[in-house]
Amino acid sequence: GQSLEQPSEVTAVEGAIVQINCTYQTSGFYGLSWYQQHDGGAPTFLSYNALDGLEETGRFSSFLSRSDSYGYLLLQELQMKDSASYFCAVSHSTSGTYKYIFGTGTRLKVLA
Amino acid sequence: KAGVTQTPRYLIKTRGQQVTLSCSPISGHRSVSWYQQTPGQGLQFLFEYFSETQRNKGNFPGRFSGRQFSNSRSEMNVSTLELGDSALYLCASSLESAEETQYFGPGTRLLVL
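Those sequence lines, one after another, are chains L and H.
Under this note's numbering, the first residue of the first sequence is numbered 27, with each subsequent residue one higher.
Under this note's numbering, the first residue of the second sequence is numbered 4, with each subsequent residue one higher.
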């Protein structure tokens, strides 16, 4: 079957760097996405990795290693507004059908 | 472009009732997916529609159903509501050429009493 694992909670201080890991187990893997969700809000797309390596978008970077079935989201220069839940999501294909699976989310707390 | 809209935003129902939720995707998006979100469970995939056809279905009982109209708007229906159906129901739309990027609506928060 398919599964994703990510830590349930991470705490860091303002200005620091934090890494949120995601390991997955799936067949027909296409790519790994990351979403941010503030309390009471809707998930918003952050990044997508289909190939191995690091993708950088401002203070956020996302990494993928297909051979290790592993990826991470790196947040630099943490700000209080980064306190939110972060979800990794795997897109994969089973029997020719494109599917999307979300992890259970990592709650990031940024302390002043 | 307007974002994904969902109606109603909040709903209170009692056990045994049924409910219909609506989702209007971003203009030009033909794929609409529905998710159930509960504390500690993350986003559980319900089903996905594309061009009025259900392409994928998650592991939910038959009480959960949906449909998509020719204008890509989608509805989901839950019949014979149970207490455990209390959740935030999110819909997301995407472009056929970029399905890895899902745009979520604000959700409908359903409380079943």
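Incorrect hints may appear among the rest.
Sample of chain L residues lacking proximity to chain H, with all beta carbon distances greater than 12 Å (derived) [what the hints assert, rightly or not]:
| no. | residue |
| --- | --- |
| 1 | A42 |
| 2 | S95 |
| 3 | K125 |
Partner residues aside, some chain H positions facing chain L, computed with beta carbon under 10 Å [said to hold, decoys possible]:
| no. | residue |
| --- | --- |
| 4 | A5 |
| 5 | T17 |
| 6 | Q21 |
| 7 | S25 |
| 8 | Q44 |
| 9 | L46 |
| 10 | Q47 |
| 11 | F48 |
| 12 | S97 |
| 13 | E102 |
| 14 | Y106 |
Simulated from the structure, these hints should not be mistaken for laboratory data.
Since the structure is predicted, the reported quantities are computational estimates derived from the model, not experimental observations.
In this text, a Cβ means the ideal position worked out from N, Cα and C, and glycines have one as well.
Verification of the hints:
no.	hint	verdict
1	A42	holds (25 Å)
2	S95	holds (17 Å)
3	K125	violated (6 Å)
4	A5	violated (14 Å)
5	T17	violated (25 Å)
6	Q21	violated (25 Å)
7	S25	violated (16 Å)
8	Q44	holds (7 Å)
9	L46	holds (4 Å)
10	Q47	holds (8 Å)
11	F48	holds (7 Å)
12	S97	holds (9 Å)
13	E102	holds (6 Å)
14	Y106	holds (7 Å)
Of the numbered hints listed earlier, those contradicted by the structure are 3, 4, 5, 6, 7.
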